[in-house]
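2 protein chains.
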Amino acid sequence: MLYPTPIAKLIESYSKLPGIGVKTATRLAFYTIGMEDEVVNEFAKNLLAAKRELSYCSICGNLTDQDPCAICQDDTRDKFTILIVEDSRDVSAMENIQEYHGLYHVLHGLISPMNGIGPDDINLKSLLTRLMDSEVSEVIVATNATADGEATSMYISRVLKPAGIKVTRLARGLAVGADIEYADELTLLRAIENRTEL
Amino acid sequence: MLYPTPIAKLIESYSKLPGIGVKTATRLAFYTIGMEDEVVNEFAKNLLAAKRELSYCSICGNLTDQDPCAICQDDTRDKFTILIVEDSRDVSAMENIQEYHGLYHVLHGLISPMNGIGPDDINLKSLLTRLMDSEVSEVIVATNATADGEATSMYISRVLKPAGIKVTRLARGLAVGADIEYADELTLLRAIENRTEL
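These protein sequences, in sequence, are chains A and B. Here the first sequence stands for residues 1 to 198, numbered as in UniProt numbering. Here the second sequence stands for residues 1 to 198, numbered as in UniProt numbering.
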């Protein structure tokens, strides 16, 4: 024997989550049993509700509980700018700084030649359709500063520039608070290349 | 705005788990949304079932889905020995080695003078009642090798020895595979004290 069935099953469910192995899953399962009934009921309800009520915005691909999403529906936002991100978490990160007031487009992935993921495998086609009859004048590519992020950024710029749309990307340089001593070489290189006048 | 309500609520539920902060909870919540419907339904069901179906054995205090638990009900087990552990996970660890065939007693905590947890705050009284009219001849104290574990072990031995019950505890020494170089001083001290003849 190991654990009684109900806890064994709960451990199995927990260990399906990313980064959670059997030991952590076991700790979480035992902790769950000690939690208030109410809290666990709420947890189960939230799991089901998140799956049931959330979908992707048919315009921008952002995760939403209404379609189109709150951002696409918001008339006060700048309709001339679209910021392209990899996933909905990036939208939230960007919204948190309360500085960007344009629209978004969520790719749900990045072009990754190494992993055989091409432009057709991510949410790119809908961006092109979206741009075709719109007044968008600038597309800001805000993919991660990784190889796949760069590949995606290059591809988007190659496709959109001929259409006369201004394509920009987030600045590369030293992160605020970063130590030059510990910065990697590529970051330093970009930081010198993109130096700004004081 | 941050996240749509259903995901914000799910993040909140995840972050109530031990060792899971908001960043991890967010990652888990987004991952959950990408999981198969079936898997998430199962997860929610398992959460509720674990809370509903599990309780503590009225005899030994072990986590169980039947009362008395499978071990207490098992007539093939040695009724003369009780192994005392801190929680149900320790029971499983012990059962895994398939070497111990006696009964258990789960304390649900340890005596901790530093934290004001005394003998009455853990599942100890029921052990004394249990021993009173039983044929138990040996009690093995298998609490963790920590200060609280030692305190609990000392207390149990002080209470049970006068009643003529043999009280033993798990051996202290080098863990199998351990490097002497990296062993802490107390472990080395115990390893020398408890050296065995070859």
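These aren't lab readings, by the way, just hints derived from the structure by calculation. One or more hints might be untrue.
Identical chains blur together in the list; that is why a pair holds if it fits in one copy or across any two.
[Unchecked claim] Pairs of lysine-lysine, PhoX-like flavour, derived with a Cα cap of 20 angstroms:
1) 125 x 9
2) 9 x 23
3) 45 x 16
4) 45 x 9
5) 125 x 16
6) 125 x 45
7) 23 x 79
8) 16 x 161
Each hint tested on the structure:
Taking CA atoms no more than 20 angstroms apart as the test, residue 125 paired with residue 9 passes in neither setting, with 41 angstroms inside one copy and 32 angstroms between copies. Taking CA atoms no more than 20 angstroms apart as the test, residue 9 paired with residue 23 passes inside one copy only; the shortest distance there is 14 angstroms, against 26 angstroms between copies. Taking the shortest alpha-carbon separations for residue 45 and residue 16, both the intra-copy value of 18 angstroms and the inter-copy value of 15 angstroms come in at or below 20 angstroms. For the homomeric pair residue 45 and residue 9, the shortest alpha-carbon distances inside one copy (18 angstroms) and between copies (10 angstroms) are both at most 20 angstroms.
For a Cα distance limit of 20 angstroms, the shortest separation of residue 125 from residue 16 qualifies neither inside one copy, at 32 angstroms, nor across copies, at 39 angstroms. When the C-alpha separation of residue 125 and residue 45 is checked against a cutoff of 20 angstroms, the pair qualifies neither within a copy, at 35 angstroms, nor between copies, at 38 angstroms. Taking identical chains as interchangeable, the C-alpha atoms of residue 23 and residue 79 are never at most 20 angstroms apart, the minima being 49 angstroms within one chain and 31 angstroms between chains. In this assembly of identical chains, residue 16 and residue 161 lie within 20 angstroms of each other by CA distance neither inside one copy nor across copies; the values are 43 angstroms within and 47 angstroms between.
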